[in-house]
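Participant: Here's the letter readout for the chains.
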Amino acid sequence: MTTNYTWHILNLVRRTSDGMVWNIEYKISATKGELSTSTERYVKVPPAASPLPFSSLTEAQVITWVKERLGSEKEQKIIDFLDTEISKKENKTRITELPW
Amino acid sequence: MSAINVNSITGRTGTHGPVLTGVTTATNGLNIIGGNVGIGTSVPEGQLHLRSGGPNVRFQDIQGGTSRLRMNTISPVGGRFIMEGDILGEQGDDFLLGFRVGGVDSSSEKVSIGIHTTFFNSDTGTGGDFATGASVCIAGTETFSSKDFGEGDQATIQFVNTSNQGRTNFIGIGSGSDSLTISADHFGEASVSAIDMKIDGVTILHLGDGGSGNDSYFSGGSNTSWFNFNCSGQNVAFNADDSGNGRGYTEFNYNCTDSNNQATGTTWGTLSIQGTNGTLELVRNTNTGNDAFLEIQGKTSYGSSNKITRFLGDSDALNIINDSPGDYSINNSATNHSISFANGTGGVFIHYADSASTNFGISATDGVGVKSKLIYDTTSSSTTNYLRISGSGTAYELQRSTSSRRYKDNITNYVGIGLTRIENITPKTWADHKTGEQVVGLIAEELHDIGFTEAVSYSEWDAGSELGYGDEPSYMVGNGTTPVTKNGEDLDEGVEVVDGISDRAVLCEMLIAIKQLKADNDSLRQRISTLESN
Numbered sequence: 000m001t002t003n004y005t006w007h008i009l010n011l012v013r014r015t016s017d018g019m020v021w022n023i024e025y026k027i028s029a030t031k032g033e034l035s036t037s038t039e040r041y042v043k044v045p046p047a048a049s050p051l052p053f054s055s056l057t058e059a060q061v062i063t064w065v066k067e068r069l070g071s072e073k074e075q076k077i078i079d080f081l082d083t084e085i086s087k088k089e090n091k092t093r094i095t096e097l098p099w
Numbered sequence: 000m001s002a003i004n005v006n007s008i009t010g011r012t013g014t015h016g017p018v019l020t021g022v023t024t025a026t027n028g029l030n031i032i033g034g035n036v037g038i039g040t041s042v043p044e045g046q047l048h049l050r051s052g053g054p055n056v057r058f059q060d061i062q063g064g065t066s067r068l069r070m071n072t073i074s075p076v077g078g079r080f081i082m083e084g085d086i087l088g089e090q091g092d093d094f095l096l097g098f099r100v101g102g103v104d105s106s107s108e109k110v111s112i113g114i115h116t117t118f119f120n121s122d123t124g125t126g127g128d129f130a131t132g133a134s135v136c137i138a139g140t141e142t143f144s145s146k147d148f149g150e151g152d153q154a155t156i157q158f159v160n161t162s163n164q165g166r167t168n169f170i171g172i173g174s175g176s177d178s179l180t181i182s183a184d185h186f187g188e189a190s191v192s193a194i195d196m197k198i199d200g201v202t203i204l205h206l207g208d209g210g211s212g213n214d215s216y217f218s219g220g221s222n223t224s225w226f227n228f229n230c231s232g233q234n235v236a237f238n239a240d241d242s243g244n245g246r247g248y249t250e251f252n253y254n255c256t257d258s259n260n261q262a263t264g265t266t267w268g269t270l271s272i273q274g275t276n277g278t279l280e281l282v283r284n285t286n287t288g289n290d291a292f293l294e295i296q297g298k299t300s301y302g303s304s305n306k307i308t309r310f311l312g313d314s315d316a317l318n319i320i321n322d323s324p325g326d327y328s329i330n331n332s333a334t335n336h337s338i339s340f341a342n343g344t345g346g347v348f349i350h351y352a353d354s355a356s357t358n359f360g361i362s363a364t365d366g367v368g369v370k371s372k373l374i375y376d377t378t379s380s381s382t383t384n385y386l387r388i389s390g391s392g393t394a395y396e397l398q399r400s401t402s403s404r405r406y407k408d409n410i411t412n413y414v415g416i417g418l419t420r421i422e423n424i425t426p427k428t429w430a431d432h433k434t435g436e437q438v439v440g441l442i443a444e445e446l447h448d449i450g451f452t453e454a455v456s457y458s459e460w461d462a463g464s465e466l467g468y469g470d471e472p473s474y475m476v477g478n479g480t481t482p483v484t485k486n487g488e489d490l491d492e493g494v495e496v497v498d499g500i501s502d503r504a505v506l507c508e509m510l511i512a513i514k515q516l517k518a519d520n521d522s523l524r525q526r527i528s529t530l531e532s533n
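Quick mapping for you: the protein sequence lines, in order, are chains A and B. With numbering that gives the first Met the number 0 applied, the first sequence covers 0 to 99. With numbering that gives the first Met the number 0 applied, the second sequence covers 0 to 533.
Hints are computed from structural coordinates only; laboratory data are not their basis. Using N, Cα and C, we set each Cβ at its ideal position, and we do this for glycine too. Please note that the accuracy of each hint is not assured.
With a straight-line cut-off of 27 Å between C-alpha atoms, the simulated BS3-like cross-links for lysine-lysine are [stated by the list, open to error]:
#1 B:Lys407 with A:Lys91
#2 A:Lys76 with B:Lys372
#3 B:Lys485 with A:Lys66
#4 A:Lys91 with A:Lys43
#5 A:Lys43 with B:Lys485
Away from chain A, derived, C-beta distances all over 10 Å, residues of chain B [as the list claims (entries may be wrong)]:
#6 Phe58
#7 Thr393
#8 Asn423
#9 Glu492
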C-alpha cells in the first residue's frame with residue numbers, strides 16, 4: 000500500500016511595507032490506508048526580483064516555492080520523518096482499553 | 000291532425016266554451032298531440048321552439064306556491080340540459096346562468112345547486128346521493144368580473160359525508176405532475192386523510208394522519224424551498240438555498256426565548272435528535288471551499304457567567320466562556336481549572352484552580368516565551384536529569400539530558416588538548432542582554448575562534464529584516480553583534496552560526512588539563528625525590 004503525501008499552505012507572512020511574502024507556513028500530511036500523520040513547518044523565502052500580486056497567488060504556486068526553497072534533500076528528510084511515524088503506527092504492539 | 004297556423008289567439012272563458020274545439024278544452028287547457036309548436040317560427044325544430052330577437056320564458060309565482068322547471072328522462076344515455084350563449088361568436092356578449100333569491104329577508108335564504116344520481120326532492124331538500132364521477136366543471140378564459148368564487152359573509156364550499164359509509168371526500172385541483180388534492184376519511188375507517196401538493200411530479204407537501212404509510216412530510220425536491228413556522232415571535236425555520244431572501248444557503252433557525260433566557264427541560268429551546276447513533280452532522284456541500292460550522296452566539300457581557308456552551312456529564316459542567324473582549328476559556332465549573340485562549344499577545348494558558356501561581360502558558364506580552372511560576376517554584380537539589388531544548392525550525396523538543404551509557408552509542412575516548420586549550424580560554428563576565436543580570440562564563444565565539452568547536456553549539460540562522468526577510472530583525476540578532484558562521488560563509492537563512500557552548504566539553508578539556516598537570520606534578524615529584532636521595 001502506497002503512502003500519499005498532501006501539501007497544504009497554512010499561512011503566509013508578508014511585509015506590511017510592500018506586501019512581499021517572506022515566510023510560508025506549511026503542513027505535509029501522509030496517509031497510508033487508515034493511518035495518517037502530519038508535520039507543520041515554515042520556510043522563509045528571499046525577496047523576489049519580479050514579485051507577483053498577493054491576490055494572484057495560488058496554493059499550488061506557493062507549494063512550488065516551498066519545495067524549491069527546501070531542495071530535494073530537505074524535502075526527502077521530511078518525507079522520511081513522516082514514513083517513520085506511519086511505520087510506528089503500523090507496527091503498534093500495544094492496545095490500551097478496558098474489557099467492561 | 001294537420002298543422003294549424005295561428006297568428007293570434009285571444010283566450011275566452013266562461014260560457015263561451017273552448018276557443019278552438021278539438022284543440023283545447025276548459026279542463027285540460029291547450030293540448031298539442033304530436034308535431035311541434037313554434038312561436039316566432041313556422042318551422043319549429045323541437046316540440047316547443049321559441050324564436051325571436053329576445054325569446055323569453057317566465058314562471059311567475061303569485062301565490063307563494065312551488066315553482067318548478069323539471070326535466071325527467073328515462074333514456075339510458077342520460078338527459079341533458081344545455082344552454083348556449085353567443086352562438087354567433089360575437090364579441091362582448093355575456094351569458095348568464097343565475098340562481099337568485101330575492102325578498103326582504105334575503106340574508107337568511109340560501110341558494111343550492113345539487114348534483115345527484117337519483118331524483119332530488121326540491122320540496123324537502125333530500126334524496127339522491129353523489130355519484131361516482133359526478134362533477135362540476137368551470138372552464139374558459141373568462142373570469143368573474145365582479146365576484147370571486149365563494150365570496151360572501153357565509154359563503155362556503157362544503158363536502159360532507161353524512162352516511163358513515165367509509166367513503167372519502169375529495170377535492171382535487173390540477174392532475175398528474177402539478178396538483179393539489181385534499182382528501183378526508185370522515186369517520187376514520189381508512190388512513191387516507193391527507194393534503195398532497197405536487198410540482199413537476201414531485202410531492203413537495205404531504206400532510207397525512209400519521210397512520211401506516213401516511214406520515215406528514217415536506218420535500219423541496221430539486222427546487223428552492225423553505226419551511227417557516229411562526230407563532231407569536233417563536234420562530235422555527237428550515238431553509239434551503241433561499242438566497243433571494245438573503246438567507247444564504249441551508250439553514251435551520253430556532254428562536255425561542257423563555258423568561259429565564261435559557262433552555263429549561265423539554266418545554267423551551269430544546270433540539271432533540273434521536274436515532275440509532277444520535278448524531279448531528281454539519282456537512283458542507285460539494286464545494287470544498289465552503290465551510291460547515293456550528294455557531295453559537297453568547298451574550299455581549301463577559302465573565303464566568305457568560306457560558307456560550309456547556310457540556311454536562313455526571314456532575315459539574317465544562318463551560319466555554321467569554322472571559323473578556325476577545326478572550327475565551329474552557330473551564331470546569333467545580334474547580335476553576337481552565338484553558339484560556341487570549342487574543343493578541345495574551346497567549347494560551349493552563350490555569351490550575353485559577354491561580355496565577357499555578358499557571359502554565361505561552362505568551363508574548365512580555366516577550367516571546369513559556370511562562371510558569373509553578374515550574375520555578377518546583378525545586379530539586381539533584382544535579383541529574385537536566386532539561387535540554389533540541390531541534391531546529393519549528394521542531395524543537397524539550398528533552399531530559401542523561402549520562403547513562405544506555406543512551407550513548409559508539410563510545411570512544413575524547414582526545415583533548417588540555418592545558419594548551421585551557422590557557423587560551425579567558426573567563427568573562429557580562430550583563431544579560433535581556434534581563435541585565437550579571438553573569439560569569441565563557442563566550443561561544445571565543446571558543447570557536449581558538450578551534451574548540453567541540454564545545455560550541457551551532458544553530459541555523461533564522462533570518463529577519465537584517466537579510467531582507469520581513470519587517471523585523473531575527474529574534475537571533477540579540478544586541479546586534481555580527482553573527483559568526485560555522486564555516487566562514489556569508490550569513491543567510493539556514494546557515495549555521497555560533498550560538499552556545501557545551502559546559503561538559505569544557506569540563507572534559509579541564510579534566511585532561513588537570514591530568515596533564517598531575518602527570519607533570521608526578522614527574523617533578525619524582526625528580527625532586529631522586530635529587531634528594533642523592
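Participant: Are the hints correct? Go through all of them and say.
Facilitator: Quick rundown of the hints versus the structure:
no., hint, verdict
1, B:Lys407 with A:Lys91, "25 Å, holds"
2, A:Lys76 with B:Lys372, "38 Å, violated"
3, B:Lys485 with A:Lys66, "25 Å, holds"
4, A:Lys91 with A:Lys43, "36 Å, violated"
5, A:Lys43 with B:Lys485, "20 Å, holds"
6, Phe58, "88 Å, holds"
7, Thr393, "5 Å, violated"
8, Asn423, "37 Å, holds"
9, Glu492, "5 Å, violated"
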